[in-house]
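Each chain is listed here by its residues.
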Amino acid sequence: MTERVREILSCYGSDSPGTLTNLSRLLNHGSLAGTGKLVILPVDQGFEHGPGRSFAPNPPAYDPRYHFELAIEAGCNAYAAPLGFLEAGAREFAGQVPLILKLNDHDVLLEEKDPTQALTGSVRDAIRLGCVGVGFTIYPGSVHRLEMYSQIRALAEEAKQAGLVVVIWSYPRGSGLSKEGETAIDVTAYAAHIAAQLGAHIIKVKLPSAHIEQAAAKKVYEQQSVPVGTLAERVRHVVQATFNGRRVVIFSGGATERDEVVFEEVRAIRDGGGFGSIIGRNSFQRKKPEALKFLRTIMEIYAGTLK
Amino acid sequence: MTERVREILSCYGSDSPGTLTNLSRLLNHGSLAGTGKLVILPVDQGFEHGPGRSFAPNPPAYDPRYHFELAIEAGCNAYAAPLGFLEAGAREFAGQVPLILKLNDHDVLLEEKDPTQALTGSVRDAIRLGCVGVGFTIYPGSVHRLEMYSQIRALAEEAKQAGLVVVIWSYPRGSGLSKEGETAIDVTAYAAHIAAQLGAHIIKVKLPSAHIEQAAAKKVYEQQSVPVGTLAERVRHVVQATFNGRRVVIFSGGATERDEVVFEEVRAIRDGGGFGSIIGRNSFQRKKPEALKFLRTIMEIYAGTLK
Amino acid sequence: MTERVREILSCYGSDSPGTLTNLSRLLNHGSLAGTGKLVILPVDQGFEHGPGRSFAPNPPAYDPRYHFELAIEAGCNAYAAPLGFLEAGAREFAGQVPLILKLNDHDVLLEEKDPTQALTGSVRDAIRLGCVGVGFTIYPGSVHRLEMYSQIRALAEEAKQAGLVVVIWSYPRGSGLSKEGETAIDVTAYAAHIAAQLGAHIIKVKLPSAHIEQAAAKKVYEQQSVPVGTLAERVRHVVQATFNGRRVVIFSGGATERDEVVFEEVRAIRDGGGFGSIIGRNSFQRKKPEALKFLRTIMEIYAGTLK
Amino acid sequence: MTERVREILSCYGSDSPGTLTNLSRLLNHGSLAGTGKLVILPVDQGFEHGPGRSFAPNPPAYDPRYHFELAIEAGCNAYAAPLGFLEAGAREFAGQVPLILKLNDHDVLLEEKDPTQALTGSVRDAIRLGCVGVGFTIYPGSVHRLEMYSQIRALAEEAKQAGLVVVIWSYPRGSGLSKEGETAIDVTAYAAHIAAQLGAHIIKVKLPSAHIEQAAAKKVYEQQSVPVGTLAERVRHVVQATFNGRRVVIFSGGATERDEVVFEEVRAIRDGGGFGSIIGRNSFQRKKPEALKFLRTIMEIYAGTLK
Amino acid sequence: MTERVREILSCYGSDSPGTLTNLSRLLNHGSLAGTGKLVILPVDQGFEHGPGRSFAPNPPAYDPRYHFELAIEAGCNAYAAPLGFLEAGAREFAGQVPLILKLNDHDVLLEEKDPTQALTGSVRDAIRLGCVGVGFTIYPGSVHRLEMYSQIRALAEEAKQAGLVVVIWSYPRGSGLSKEGETAIDVTAYAAHIAAQLGAHIIKVKLPSAHIEQAAAKKVYEQQSVPVGTLAERVRHVVQATFNGRRVVIFSGGATERDEVVFEEVRAIRDGGGFGSIIGRNSFQRKKPEALKFLRTIMEIYAGTLK
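Line by line, the protein sequences give chains A, B, C, D and E. First residue of the first sequence: 1, per the working numbering; consecutive thereafter. First residue of the second sequence: 1, per the working numbering; consecutive thereafter. First residue of the third sequence: 1, per the working numbering; consecutive thereafter. First residue of the fourth sequence: 1, per the working numbering; consecutive thereafter. First residue of the fifth sequence: 1, per the working numbering; consecutive thereafter.
Same shape as in the complex, but just chain A (with noise of 0.2 Å):
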């Protein structure tokens, strides 16, 4: 047990020992163990833009066994899918890497202004499948935030009850928002201490835009001068709103992209103390040689063996 991983924890003290002790196997999982750094891979794109968008480009990559041997290899803190996909593979690969369920889903054969998420997996199923945690979405801005923050509460609860993680994805998005607004500074803000307000161990946002979408808040980052021209300043921004870096927050990457701005991006969280990557497409849309070159070059740049 390093002593950076001991730290992190002492800052959960309402966790059972139970949680405490799936949470440090995350941290002392993979590559960057011990770091207190964590490389997520994420594997829900399947469900959420349809198994031709997410997999044609790699065709290997329908098959779910694929997803968790590309966390094994890459030496992934955890990989997070949905039900089906965890259910496909969890006994072959049992104890080999840390399982997180997500537990809502959406699909977008329907376009809605104000999105929601259908609940897909339940903490009896996490327990099942011998997962460390549990994943639930949120979208701070829409109409229906109210009522999945009742229900991320309610599973929280339960989930805390069986010593699992408890991670949520704050995605502000909805009719409250402009599109510009979703990943505006202020608002991933607002949306990770929500989400750390609900009780989330890990919390999981985009990289935020230097925009400020809200008139009151806007007065106030001017008036006190918060730093947020650089991805590293509103990075360490994001922490701060995570309860001053006493709650886990790691970022994700988005659409493909190129290497090198995805590399720019982790230096980034580093700089600005993020505690890492929940990374999907940019993974397992290429082939798997390139992505575990990629996730390396990641993993390195977290573990600071690379600048």
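Think of the hints as simulated: they come from the structure by calculation, not from any bench. Hints may be right or wrong, so weigh each one.
Just so you know, same-sequence chains aren't split out, so a pair can sit in one copy or run between any two.
Stated by the list, open to error - Using 25 Å as the maximum straight-line C-alpha spacing, the simulated DMTMM-like pairs for lysine to aspartate or glutamate come out as follows: (1) 219 to 112; (2) 288 to 48; (3) 307 to 271; (4) 179 to 233.
Since the structure of chain A is already known, use the hints to place chains B, C, D and E on it.
Chains B, C, D and E only, in chain A's frame:
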């Protein structure tokens, strides 16, 4: 236990021996026992379309016992129906054919743009009636789809705890889709994938057309040159979308067709790696001797004893 | 136990001896005991239409005991009413007539295009009051129909576990149907079939007209030359639609009519193979001696002692 | 135990000895003990209209203890109030006056065309506070009425299992009715009947006007010459509508009136066979000595010691 | 145990010794211990307004431990916050300050005309974290208010069974009210009364203005010459409306103000018989030494050691 059945069962590593037992009952019953192929008789059209439209063409079919007899005599792998129809024969034909209780149904006495279904059976009903599994319909594309996903998720968990097989009928429909889009290849593959992610053991979809509905999907299908020109290719794509062949996916026949058309479709399903057919109206809307001959031909195509 | 009752009971192979016992109590009570025919007295009009409209024409009927006495003296097979009316006489008349507790009701203090009903009784209430069964109304054609189906499905499961008989009043109504369509032969047969699929032991519908409402049904009725010209033929078609005579289906009388019209209808029900009548307003809205004479005539027609 | 109370209790043959015990406590308490008549003090106006409007005219009434004292000193049969008011005195005045806990309430900080109420108390609360019964308001005529009926049905079942008396306040209101229709004689009788059918032991309605709201009712009232010209006749009709006198029905006073008007109404209730009054604002919005004198006069009219 | 605390506890005669124990912990903690006055530190603004707007003016306040320390050092009676903030310090500061878990919260990433809140904590969470009580916000005037009342009623019953104190934040808001009406004296008194009727032990409202919102209330206030001209008179009226001083009612400070304005308000609360203040933004949005001085002054005013 044939090698092929053993191989199929091996894909369901997260399921209990109880569920595998019922799944093997399905796979090892009737004319296609052991082949890994299935032909299921579904009779919910009385509820879904009305008794006159369904049974007037072959009046003995008004009697619920008729369908048990038809499934048994034809050597179908299973008979699937709503509560009332199963209650009306489950004792008389106990043990003679695997039964699947449909847990939800819908009627057409009201036309809705965004349909949903009523819960018309329970897992406890299925246990009471000696069923091997339960069936549930979802309508991806409907505004009610997320609620339907949540329902089947909860019912599937309960069914799996009871050792039952979960079959999902995935029928794209609703305001998210054009009429043509309901059977588009991208939408069908997506709908099949959602059912798999929701934890279905067996997935039933309609045979897809070559139409691609969603622009974002179209782009990828074209970029990656996904072959969807022939029906067999489209079946193969759907099989890929259901965990690359690691979930049983079967195809429905739709409205009454000329026999040769159906046989051609069955050959395409076979050649594309599909697991079988679920054939209602084409079976019970004709005289029984003709239906038996018709089903026997289909089974021979699947068994490979007929080209 | 007559041969006919034994034959009817044999159609309910999935029901417990408890439910069969209560079903046989219904069939073996009163003037028509053992004939397989039923006449049931229903008195929910106080709730459904208001007490003045219902009972002012025969003021003794304001007293809940009146209806118990009427059902007993007339030799009806059962008396069906909402909670309050049954509570007000169940002790005094315990064991003198089989009781059916209506589990839902509706008033007309608000007119709705798409009606639904309130839950006004429970299975536990029915047990407490010594009932042989429970009644439930569905409105096929209403936007609320699917919710109603789900409700009765759950209540029916509970009732069957308690050994009670499930009676479904299936009244097509709502924005899916024209006014004429509410009693159309295709719609009535469909509504009766839905009730049977939902697990009803006894189904109650209105006498159908020769009108055919739905185009898709009309096409089949004409192609197959389904005979629906006479009332007896239409009754026969409804019997067919309720599992080909393997479910008890009875018919309601509707608003007060000239006696001879009602007797003609009863002859049609008898000749068409219907199982009997449920007659409210025509019974209790006249002086008791006249009501007894009226009901006796109907029973004699069913018993075959009167043409 | 007087003959009259024994007679009233005999109407509740389906209730447990526990409930009859509590009902007899109501009937045998206070100045009217044993007469079969009741005067109940209800104080929910703080919630329903606001504290200023309710208590400023007589400021001691802001204190929840005031109403216990008033009910005790005046010899009322019971005191009915929401949770907070009962909690604030139930220990201090334990055993001194039968209590009825109102289970739902509504405020006027928002005007709705179709009102409903919030659940503000539970059967367990009533048990904890030593109540003899529970009260519940329904709004026949509102689009929410069916949900309200379903709620009280469930709560009444629970209350009866706990041996409590069920009191239903039936106040027609909502988009199904004209303003005048809310107190129309046909609507009042209908609303009282619905409450009785829902299983109420005691029903509370407003004094009806001679207006007849519904065309279908008007036709019958005229055909049958139902006498509704005088207030006493209208009370008699409502008594008839509540199971012909076999359910306790009491009448509310409404807004503050000149005393002589109220006394005239009480005489009409008495002469029409009503069971009593529930009098809030006319009691507690005046100085206590005047209130006691006022209530004493009413009780003397009911007791027959005053014309 | 001072006489005043004993007196306050005596108003809660229906509560368990467990709840009284927790209530006395609140009253006997900190600088105001035993005085019957309370100053509570609430920190939910991160959730309600966003972390930047809340904590950027005093960045140490991003750290959840800061608020525990502030409440402890200032000698507040209690610290109230959402789940995440309490979880992040409850172990470290166990037993050092009474905690109140807010059970519901709301964000401003979407503006609604008729707001409601998400359930973000449970009674079981409060027990787990060692809290003395739970807090819940209602919005009288919103179309969602009745649902909110029903929620807190159920949660309050559960909390009382667990011996917890129930605090209701009653904030008039929504389409039933004008902007000015949200703090009108009649509306504030009404909102406070509703909270008391819902069973709150402690009620929190905003300081009311002299505006009277509702016409029906205005008429009575004028007729009865209810004194509401000064702030102290308005506080007195609110105290009257909360069971004439038999429920603890405290007042919030609102947005940051000049200190002298706040002190004047505190004097008015004291002089009007209010029980204390709940002060968030004015406390934590300044440097800690200044906050401690500020809070100490307020407590001295309440304690009477400062005019």
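Problem set entry | Alpha-carbon proximity context of residue 179 and residue 233, limit 25 Å | within (22 Å within a copy, 39 Å between copies)
Exercise. Quick one: residue 219 to residue 112, C-alpha cut-off 25 Å, is that within a copy, between copies, both, or neither?
Worked result: between (31 Å within a copy, 22 Å between copies)
Problem set entry | Intra- versus inter-subunit Cα pairing at 25 Å for residue 307 with residue 271 | within (11 Å within a copy, 53 Å between copies)
For this session: Using 25 Å as the alpha carbon limit, work out where residue 288 and residue 48 are close: within a copy, between copies, both or neither.
Result: Answer is within: at 22 Å inside a copy they meet the 25 Å cutoff, but 45 Å across does not.
Checked against the numbered hints above, the structure breaks none of them.
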